[in-house]
Amino acid sequence: MSGEMSHADVHCGAHGASAGVGPRRAVPPGEDLVKGFWRENPVLVQLLGLCPTLAVTNSVANSAVMGIATFFVLVGSSLLVSASRRFIPNEVRIASYILIIATFVSVAEMALQALVPGIHKALGAFVALIVVNCIILGRQEAFAGKNPVGRSVLDAVGMGIGFMIMMLIMGSVREVLGSGTFLGVSLFGPAYEPWVIMVLPPGGFFTLAFVLLAVAWLKRRKALRARAAERHDVAVVERAA
Amino acid sequence: MGDLAWIFVSSMVVNNFTLMLFLGLCPFLGVSGRIDTALRMGVANTFVLIVTAVAVWFLNAFVLPSAPYLRLIAFIIVIASLVQIVEMVIKKLSPALFRALGIYLPLITTNCAILALAIFQTNREYGLLEGVVFAIGSGAGLTLALVLMASIREGIELADVPAVLKGTALVLMIAGSLSLAFMGFAGLLSS
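Residue numbers (our numbering), protein chains in the order written: chain F, 1 to 241; chain Z, 1 to 191.
If you are wondering where the hints come from, they were derived from the structure by calculation, not from laboratory data.
Note that the Cβ used here is the ideal one computed from N, Cα and C, for glycine as well.
Just so you know, nobody snuck in bad clues.
Covered stretches of chain F (chain Z as the covering partner; in silico rule of three or more C-beta atoms under 8 Å from a C-beta of chain Z):
hint, stretch
1, 105-118
2, 122-132
3, 193-202
4, 207-213
5, 216-227
Not close to chain F: a few residues of chain Z, all C-beta gaps over 12 Å, as computed:
hint, residue
6, 6
7, 57
8, 62
9, 63
10, 92
11, 97
Please construct the entire structure, taking both the sequences and the accompanying hints into account.
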């Protein structure tokens, strides 16, 4: 257990995610995009960016805005980092990445303040905290810093969508259970007694725990079935022989 | 004096950074396996938080009024360089402590609790003394959460939990229960 944990911790130090896509192996462009959706989902599999996933997912609207802001910052900084990767000296690369990310976050923060002031207020410090979101720095270090622009943008779009998917799952579960609404529209009528704890901090921990649990259970079931199918095949072959 | 005590209590338990505001979850999930490392991580964090509070006060008082749009960039650069300086100073003055803190010290740069402290301190317009008390309180809160978590995890290390539950899911459930317990402190605010 502790091995897995320290793994997650290393990611947060931006020492490169486990994305096992070596620069030399030929990878179809679709793969760069799709891997972030589920198989290498930044939140579910790599356990990065947990702070916003837990903190601002108490309603669907907040989650969506946070997801879009993070997506914008991730794609923007991947584009810029990848385009300027030949000019950034290796020794100061992390500092340069952070500067680039901070610039995009400043842009995102000002834009949100102007476009959706209510949600910007609800998100509070977490918009500014996109700067230290491990997903973004992790992708720069693991991918954009050493891959061409096109692939880096695809990778960033994939990871950004993966993050948004998780934000929306968390936000939907917590809003539906905790307030009985979806995007502010009442679902169950006035008789529904809201499960208030789900929109409060403990609900965030519990929801993510159960989502991770469900994923682990699905994976385990799949592995068991694969093993059973294999055993079945072997049996068939033996019987045939 | 009452105000300062209030800031301290509020930042330590009522608005505990880790359990109520979800800040600094990486070390909370990553290095909460053993009590002694958790304690060290907490102390290192507290130390950086205090230094940051002083630096942010300085920035807010003298530099940023003339360039408010550089706030975020200025904060993150100052935090990153401060952690680097603190690392070098500790290495020079106390190699033993440096070895004890190990990898945790540089990792603190990417801990969102530090940047969050800078932003909260700015938004609430804390002065120097208030800022430092806020930093000490938040650091104490982080340490408390880390040590509590590490104690529970050491306690259940040999427990027979279902295989699918092992790992992060279990830790998050414990965190949820701790957070539930800390909600009890919320009543302190209204009284």
